[in-house]
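Quick note, the sequence shown lines up with residues 56 to 90 if you use the working numbering.
Take these hints with a grain of salt, some might be off.
Label-pair restraints from in silico Cβ distances [as the list claims (entries may be wrong)]:
{"no.": "1", "residue 1": "87", "residue 2": "62", "range": "36 to 42 Å"}
{"no.": "2", "residue 1": "85", "residue 2": "56", "range": "37 to 43 Å"}
{"no.": "3", "residue 1": "87", "residue 2": "57", "range": "42 to 48 Å"}
{"no.": "4", "residue 1": "56", "residue 2": "88", "range": "41 to 47 Å"}
Hints were generated in silico from the structure; no laboratory data involved.
Here a beta-carbon is modelled for each residue, glycine too, at the ideal position from N, C-alpha and C.
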Amino acid sequence: MEVKDALTLMISFGALIVALLTLVVAIVAANNQKK
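Could you put the whole structure together from the sequences, leaning on the hints where they help?
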């Protein structure tokens, strides 16, 4: 495995985590607005 491959994997994994966190925050915000 090359360094370039490792960096690409880390960046894509980080982007996935950011997307999941954004989704969770959006769901929590929507639930708070309903109450």
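Hint by hint, here is what the structure shows:
1. 87 to 62: 36 to 42 Å: The hinted range 36 to 42 Å holds for residue 87 and residue 62, with Cβ atoms some 37 Å apart.
2. 85 to 56: 37 to 43 Å: Distance hint for residue 85, residue 56 holds at roughly 40 Å.
3. 87 to 57: 42 to 48 Å: holds, 45 Å
4. 56 to 88: 41 to 47 Å: With a Cβ separation near 45 Å, residue 56 and residue 88 satisfy 41 to 47 Å, so the hint holds.
Against the hints set out earlier in the document, no violation occurs for any number.
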